[in-house]
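**Q** Residue-level listing of the chains:
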Amino acid sequence: MALAHRHGPRPWRADGLPVVALVGRPNVGKSTILGRATGHFVETMNAPGSTVSAERRRVRPGGRGGDAWLVDLPGTPSLHAEHAGEPFWQSLLAEQPDAVLVVVDAGDLARHLPLVLAVRDLGLPMVVAANLADEARAHRVALDAGRLSQLLVAPVVETVARDPAHDGVARALERVIALAHRRLAVRAGDATPSATRPALTYGTVERDVSAAAARLDAARSLGAASADATLAALAQEGWISRRGAATLAIGTDPASPAAGRLARARVNLAARWAALAAPEAGSARRAPLADRLARLATAPVPGVPAFVAVTLASLLTMILVGGALATLLTDAWTATASPLIQQAIHAIVPSVAVAEGLLWGLDGGLIAILAVGIPYVLTFYVVLAALEDSGYLTTAAVLTDRLFNAVGLPGRAAVPLLAATGCNVPAVYGTRILRTRRERVLAAFLVALTPCSATSAVVIAAIAPAAGVGAALGAFALVATVTIGAGVGANRLIPGHQPPQVVELAPLRLPIPRAVAAKAWARFRAFVVTAAPLMVGGSIVLGWLWHLGLVEPTAALLTPVGDLLGLPAFAVVALGFGFLRKELALQLLVALAVVQLGAGASELGTVLTPAQLAVFAIVTAFSIPCVATVAAMAGELGARTTAAISAATVTIAIGVGAVVARVLGIA
Amino acid sequence: MLTRPLATRALVTLEAGESGRVAAIADDDLLALADVGIHEGSRIRVERRLPLGGPVIVEAGRARISVARPVAARTRIDVLR
Numbered sequence: 000m001a002l003a004h005r006h007g008p009r010p011w012r013a014d015g016l017p018v019v020a021l022v023g024r025p026n027v028g029k030s031t032i033l034g035r036a037t038g039h040f041v042e043t044m045n046a047p048g049s050t051v052s053a054e055r056r057r058v059r060p061g062g063r064g065g066d067a068w069l070v071d072l073p074g075t076p077s078l079h080a081e082h083a084g085e086p087f088w089q090s091l092l093a094e095q096p097d098a099v100l101v102v103v104d105a106g107d108l109a110r111h112l113p114l115v116l117a118v119r120d121l122g123l124p125m126v127v128a129a130n131l132a133d134e135a136r137a138h139r140v141a142l143d144a145g146r147l148s149q150l151l152v153a154p155v156v157e158t159v160a161r162d163p164a165h166d167g168v169a170r171a172l173e174r175v176i177a178l179a180h181r182r183l184a185v186r187a188g189d190a191t192p193s194a195t196r197p198a199l200t201y202g203t204v205e206r207d208v209s210a211a212a213a214r215l216d217a218a219r220s221l222g223a224a225s226a227d228a229t230l231a232a233l234a235q236e237g238w239i240s241r242r243g244a245a246t247l248a249i250g251t252d253p254a255s256p257a258a259g260r261l262a263r264a265r266v267n268l269a270a271r272w273a274a275l276a277a278p279e280a281g282s283a284r285r286a287p288l289a290d291r292l293a294r295l296a297t298a299p300v301p302g303v304p305a306f307v308a309v310t311l312a313s314l315l316t317m318i319l320v321g322g323a324l325a326t327l328l329t330d331a332w333t334a335t336a337s338p339l340i341q342q343a344i345h346a347i348v349p350s351v352a353v354a355e356g357l358l359w360g361l362d363g364g365l366i367a368i369l370a371v372g373i374p375y376v377l378t379f380y381v382v383l384a385a386l387e388d389s390g391y392l393t394t395a396a397v398l399t400d401r402l403f404n405a406v407g408l409p410g411r412a413a414v415p416l417l418a419a420t421g422c423n424v425p426a427v428y429g430t431r432i433l434r435t436r437r438e439r440v441l442a443a444f445l446v447a448l449t450p451c452s453a454t455s456a457v458v459i460a461a462i463a464p465a466a467g468v469g470a471a472l473g474a475f476a477l478v479a480t481v482t483i484g485a486g487v488g489a490n491r492l493i494p495g496h497q498p499p500q501v502v503e504l505a506p507l508r509l510p511i512p513r514a515v516a517a518k519a520w521a522r523f524r525a526f527v528v529t530a531a532p533l534m535v536g537g538s539i540v541l542g543w544l545w546h547l548g549l550v551e552p553t554a555a556l557l558t559p560v561g562d563l564l565g566l567p568a569f570a571v572v573a574l575g576f577g578f579l580r581k582e583l584a585l586q587l588l589v590a591l592a593v594v595q596l597g598a599g600a601s602e603l604g605t606v607l608t609p610a611q612l613a614v615f616a617i618v619t620a621f622s623i624p625c626v627a628t629v630a631a632m633a634g635e636l637g638a639r640t641t642a643a644i645s646a647a648t649v650t651i652a653i654g655v656g657a658v659v660a661r662v663l664g665i666a
Numbered sequence: 000m001l002t003r004p005l006a007t008r009a010l011v012t013l014e015a016g017e018s019g020r021v022a023a024i025a026d027d028d029l030l031a032l033a034d035v036g037i038h039e040g041s042r043i044r045v046e047r048r049l050p051l052g053g054p055v056i057v058e059a060g061r062a063r064i065s066v067a068r069p070v071a072a073r074t075r076i077d078v079l080r
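Chains as they are written, first to last, in numbering that gives the first Met the number 0: chain A, 0 to 666; chain B, 0 to 80.
Restraint-style ranges between C-beta atoms, simulated for each label pair:
1. Thr335(A) / Pro50(B): 53 to 63 Å
2. Ala72(B) / Arg186(A): 47 to 57 Å
3. Arg55(A) / Ala6(B): 50 to 60 Å
Incomplete in silico selection of chain A near chain B, CB under 8 Å:
4. Thr297
5. Pro299
6. Val397
Cβ-to-Cβ under 8 Å is the rule here; a few derived chain B residues that face chain A:
7. Asp34
8. Pro54
9. Ile64
10. Val70
Note that these hints are calculated values from the structure, not bench results. All C-beta atoms, glycine included, are put in the ideal place defined by N, C-alpha and C.
Working from the sequences, and respecting the hints, build out all of it.
**A** Following this line, the structure appears as C-alpha cells:
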C-alpha cells in the first residue's frame with residue numbers, strides 16, 4: 000500500500016481552496032453534476048463505468064459557498080471495491096476531501112444508502128444529493144428529504160442533474176462547499192468543531208468497530224503494518240475520524256467476517272431507512288413506457304432484431320449523412336476557396352517547391368479534412384452521443400453477452416468496445432472497468448482492432464463512393480468477423496479463464512438533444528483541434544518530401560508490402576501515416592490526388608481502383624493503432640503488452656489485406 | 000412481514016415472474032453481486048432468462064441486473080412466489 004506519499008500537499012492545487020469529492024454508485028449522475036457545476040462538458044454516458052479516473056474542476060457556484068475544487072471519482076458500489084488496482088477508499092482519501100457530496104438515486108435508496116452509510120462512517124462532512132428525483136416521482140416513490148436528513152444526520156437535497164432548469168444541484172453544492180469551508184476553518188483553528196457527530200447505529204456491529212479500533216491502537220504501538228499505520232495517521236491528522244479509521248481497517252479485508260457483518264448491517268439499515276424516507280406510493284415502479292421498452296429491448300424478440308436495426312441504422316446514418324455533408328463541403332471548397340488559395344500561394348511564394356508544399360497542406364490537407372474528418376466524424380459523434388445518452392449501450396452489452404463470452408470477456412466489455420467505435424483512446428482507459436488483467440489485455444486487443452470513428456470514416460469514404468454502400472457494409476462485416484476470430488484466438492492463447500459476470504442495466508431514457516449536441520460538439524472540437532494541425536502540417540511535410548524526391552525511395556522500400564496487398568507503394572506510405580491518426584491515411588491519399596491531379600481529383604476513384612480502395616480501407620481498419628492509442632495503451636498495460644498488441648494488429652492487417660487482394664484479383 | 004419460502008432453488012431454475020430472497024451466494028460471486036447491490040437477503044424477481052445459455056435478467060429494487068448463467072446456477076434463492 001502506497002498511501003503515505005499520496006497524502007502530502009495536493010499538487011494539483013495550491014490555492015487553499017477546499018476539496019469536495021463526488022461519490023456515488025455507477026451511473027447515478029456524478030459527472031452530470033460536475034458538468035452542471037462547472038458549466039463545462041464532462042464525458043458522461045448513461046452506462047455504469049463511464050468515469051474511470053478522477054476528474055477535478057474548480058467551481059464557483061455563487062451564494063455563500065464560495066470557490067472550491069470538485070473531484071468526480073469513478074462510480075463505486077462500495078468503499079472497498081477496487082478501481083485501477085486499489086480500493087476506492089484509497090482513491091477517495093488520496094484526494095484529501097474536506098467534504099463529500101454523495102449522489103444517490105432518489106428512487107432506489109435501499110441500494111444506494113449502504114454507500115452513504117460507509118462514507119458517513121469515515122467521519123467526513125457529507126451532503127447527500129438525492130438525484131433523479133423526477134424519475135423517482137414518475138415511479139411513485141415519495142422521497143421525504145427531511146426525514147432522510149434526520150436519519151443520516153446530514154443535509155439531503157433533491158436534484159435533477161439532467162434538467163438545467165432544476166436548482167437542486169446548485170443548492171446541494173452550496174451546502175457541501177459551505178461544509179468544506181467550515182472544515183478548513185476548523186483545521187486552521189478559526190472555528191470550533193461541531194459538537195455532534197453521527198453515531199454508528201449498527202447495533203452489535205459497533206462492538207466490532209470498537210474492537211477494531213482497539214486492535215488498531217495496539218498495532219500502532221507495535222509499529223505494525225503500514226496500512227494500519229497510515230490509516231491511524233490519517234485519523235490523527237483529522238482526515239478521518241478514529242471510528243472511520245477502524246471501519247476502514249475492517250474494510251481493508253472485505254473477506255473478513257467483521258467486514259461481512261458490517262456490510263450486511265449497512266444493507267439492512269439502508270432497507271429500513273429507505274422504507275421510512277422513500278416509501279413507494281403505489282404499485283407502479285417505473286414509468287410504464289420506459290419500463291416496457293427496457294424489457295422489450297432485452298427480449299430475444301424484438302430485442303435482437305432491434306439491436307441489428309440500431310447498429311445498421313447507425314452505420315447508414317453515418318454513410319448517408321456523412322456522404323451528403325462531404326459532397327456539400329468539398330464542392331463548396333473546390334468552387335470557392337481552392338482556386339483562391341492556389342492563386343494566392345503561387346503569387347506570394349516564389350519557390351515552386353515551397354509553394355507546392357504549402358498547397359499540399361492548405362488546400363489538399365483542408366479538402367481532406369472537409370471530405371473525411373468533418374462529415375463522417377461529426378455525424379458519428381452525434382449518433383454515438385445519442386446512443387450513450389439513451390442508456391442503450393448496456394442493453395446491447397446483455398444481448399451480446401454470449402458473443403463476448405466467446406472472446407473471453409464479460410458483457411460489461413461492451414461499454415469500452417462500443418466506446419471504441421467513437422475513439423480508441425478513451426476505450427483503452429475504459430477497460431479499467433474490467434476485473435482482471437487478462438480481461439483488460441483481451442479488451443485492449445479488441446479495442447485496437449475495432450474501427451474508431453476515424454477508421455470508419457476511412458472505410459466508408461474509401462469504399463462507398465467507388466463501390467457502393469453494400470460494399471462498405473460488407474467491409475464492416477468482414478472487419479467484425481475477423482475481430483471476433485482474433486478475439487477467440489487470443490482467448491485461447493492467453494492463459495487464464497474468464498470469470499462469469501454481472502451487469503447492471505442502465506435505464507432507457509429519451510436522449511436530451513442539448514446534451515447530445517454538447518457531447519458531440521465537445522468531442523468534435525477536440526478532434527479538430529488535434530487533427531487539423533496534424534493534417535495540415537503532415538500534408539506540408541509530405542508535400543515537400545514528395546517534391547524533393549524523398550517519398551519515392553521510402554515507397555520503394557515498401558514495394559514488397561505493396562505487391563502483397565496489390566497497392567501502389569505511395570498508398571502504403573499513406574497507410575504508414577495512419578499511425579499518426581487513422582483518418583490521416585486516407586486524407587493524405589486525397590491530398591496526394593489533389594496535388595497530383597488538381598482539386599477535382601478529391602474523388603479517390605481517380606487514384607486507385609475500387610478493389611484497391613477496399614484493400615486500403617481494410618488494412619487501415621486493422622493496422623497498428625494510432626499513436627494516441629498506443630500511448631494510452633502503454634500507460635495502462637505496459638510497453639511489452641502494447642508492442643505485442645501492435646505487432647498482432649499489423650500482422651492481421653497485412654494478412655487479411657493480402658487475402659482480400661487475392662480474392663479481388665489485384666495481387 | 001416475513002413470508003415463508005416455498006422452496007430454495009438455484010436462481011437459474013426460476014421462471015420469469017418468480018421472485019424470492021437471496022439465500023446463499025458462492026464465495027467467488029460475492030463481490031460481483033455486491034457491486035450491483037445484491038447480497039444475501041436481497042429480494043429479487045426474475046424478468047427473463049435469455050436463450051442459448053444467455054444471462055438471467057433479474058430486478059432488484061429499481062435496478063435490472065444481468066446475471067451470467069454460471070453465477071445464476073451457484074446462487075440460491077428462497078422462492079416466495
